[in-house]
Amino acid sequence: MGIRERLSGNEAIAYAMKQINPDVMGAFPITPSTEIPQYFSAYVDNGEVDTEFIAVESEHSAMSTCIGAEAAGCRAISATSSCGLCYMTEMLYVAASDRLPITLAVSCRALSGPININNDHSDAMGVRDTGWLMLFAETNQEAYDNYLQAMRIGEAVGLPIMICQDGFITSHAIENIELVEDEKVKAFVGEYRPKHYLLNKDEPMAVGAYATPVYYMESKRQQAQAMMDAKEVIRKVGAEFGAMTGRTYGLIEEYRMEDAEEAIVIIGSSAGTAKEAVNQLRQGGKKVGLIKVRSFRPFPAEELCAALKHVKAFAVMDKDDSFNAHCGPMYAEVCAALYAAGISGPKGINYIYGLGGRDVRVESIQHVFAELEQIASTGDVGETYRYLDVRE
Amino acid sequence: MNYNLKENLMREERLSGGHRMCAGCGSPIAIRTVLRQLEPGDKAVVTGATSCMEVSTFMYPYTAWKDSFIHNAFENAAATCSGVETAYKALKKRGKIDETWKFITFGGDGGTYDIGFQSLSGAMERGHDMVYVCYDNEAYMNTGIQRSSSTPHFADTTTTPAGTVIPGKLQKKKDLTKIMVAHGVPYVAQTTFIGNFKDISEKAHRAIYTPGPAFLNVMAPCPRGWRYPSEKLMEITKMAVETCIWPLYEVVEGKYILSYEPKDKRPVEEYLKLQGRFAHMFKPGNEWMIEQVQQEVDRNWEALLKLCEL
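Line by line, the protein sequences are chains A and B. Just so we're on the same page, my numbering is the position in the first sequence counted from 1, plus 787. Just so we're on the same page, my numbering is the position in the second sequence counted from 1, plus 180.
These are calculated hints, taken from the structure and not from any lab test. C-beta atoms are modelled at their ideal positions from N, C-alpha and C, and glycine is treated no differently. Treat the hints with care, as some may be off.
[Unchecked claim] The calculated EDC-like cross-link candidates involving lysine to aspartate or glutamate, where the alpha carbons are at most 20 Å apart (straight line), are: (1) B:K276 - A:E1150; (2) A:K1073 - A:E978; (3) B:K223 - B:E382; (4) B:K435 - B:E482; (5) A:K988 - B:E382; (6) B:K412 - B:E449; (7) A:K982 - B:E449; (8) B:K272 - A:E978; (9) B:K269 - A:E877; (10) B:K269 - B:D309; (11) B:K223 - B:E192; (12) A:K1007 - A:E877; (13) B:K273 - A:E978; (14) B:K272 - A:D989; (15) B:K269 - A:D837; (16) A:K982 - B:D278; (17) B:K272 - A:D837; (18) A:K988 - B:D222.
[What the hints assert, rightly or not] Here are some chain B residues pointing at chain A (derived, C-beta under 7 Å): (19) F238; (20) Y240; (21) W245; (22) F249; (23) T260; (24) S262; (25) T266; (26) A270; (27) I470; (28) Q474; (29) Q475; (30) L490.
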């Protein structure tokens, strides 16, 4: 039986880090993830962990130190948000291509400008092509649970992993949470035993080669394979975690989708709000459901196709805009998945919502379902690229 | 132990031959000389900033580095090295490592004076037990000889061409060595190749075996960028020292120590005339440029002598 607690999402992540007791943390403060290195520094300074904490001068150096430490043979971690994640971006590519399973906690926040400290997913979506695994949490519990599974997944495929939650909405809000006992965490996460590492006295190692066109593409193909292989690992680790805690995880979560005719696809904390909207509509006899994407990288294309193929209409909710005069990033990938699978029945629209912390209410989601009902009955999709709850 | 060139050269090379650096380039000489000062039994992890040196020594599937080596990016060699050094501390604390490892970073002036400056400053301030070696060739040579903040006054580079209106680089060279001294690190030194390599060898040994952060600034000429015949390398570094354009000194725990005082300080022309990048300064009507450089060098030299008297 787990330990019942009340923690904010940031506290829960820091607590998971403490239980894992990694070797090195390199971090730089930025709202709203600042608390994570703060809590963790207290663990370090009070001798509750063995971790070496590097208080770097920037996020760029935070990820650079993680790359150095992980390549040297250590478990390295960091935490960041927003512009901090942007500033790391160049190094995120290097971490992934060097196949270093670093773990990065992201408390998602909007990007400047205008400068804004509240939640949306533009930071995480901006780095979606860096080659990192990306898991998103709906609740504080999921942020904690995802973090405990992160290293198992990343180290199995040799890719770095981002554990994303919604800034302030879960990072700062306090929720009831069930913690896993320390011994169980240690046994579940296990020891890090890299095959090759810089500080191996028996075998020197060279990291970060210059690759000509003769070799570059093969290295990228291997990265792509690791990302494909990660799907099965995420399922397996999620099932094993479920056997230990009763909370099982996959790539997506389907909510009341069995006979759904209209559905929304959503990521993060707004899934909780949307589930309440689904419940209320279901009470009124509406056949509505929800798909929550937990793993955005790897992208759960097959799972989404299976879940969506029988609906009449769906809306993909993007808490970010690609500014391509067409759609947000998740809508593009969902539609590509459906098209590639030959599924053309369901009518799909895209909503850009919740930017810069714009509140997402149950009524907001009910409005989306009302639009979907209209589309399902008329077959007329209208404009697919829509903004939700915005003054125009 | 007294320095002995023969003994030093008998040590195993830790950067093997066959890499792709140009003949007459100072960078591999700096690297080989610094790495030779590691005690033969000691292990090392070397970090390299993106540079000529990196792309020429570590082109997949070959590496010239016999020690563990990590290249990350252009601007973050110091931060990367600080991560490796911290990993060593972490693994040592957990009893997973017994042997002694040293941590040495190499970067060009672009990766050190400019784009990597913040990363370097941060790593030095945090006090990692590492040596940062700048091989200073006074421009971005890897991308084709563009000016850096280390490029000397009036030098002709591809982004400061000696034109009809603007005569080369308008700004003076940044004094990075003194900026590193201002970080309060235990050991900072400026050196180059001279005579039997005693100066650079002893400084490298001190830098590696001084606990805490150390910074070594090594003038490392570039035959393409400076435009000299490759066999003139040692003549150029010698004249840089004899003219006091590149004085040799070290700063131990904040105390300035002059390593070499020329008996007969040579005029700057004797250094400038050896290099194509300064050729325009010798054209009729441009005498003022040489005069100005002489004044700058004199002023800097006097200031250094005063610091060394303190």
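Inset, instruction - If any of the earlier hints don't hold here, list their numbers in rising order. - result: Structure breaks hints 1, 2, 5, 7, 9, 27, 28, 29 and 30.
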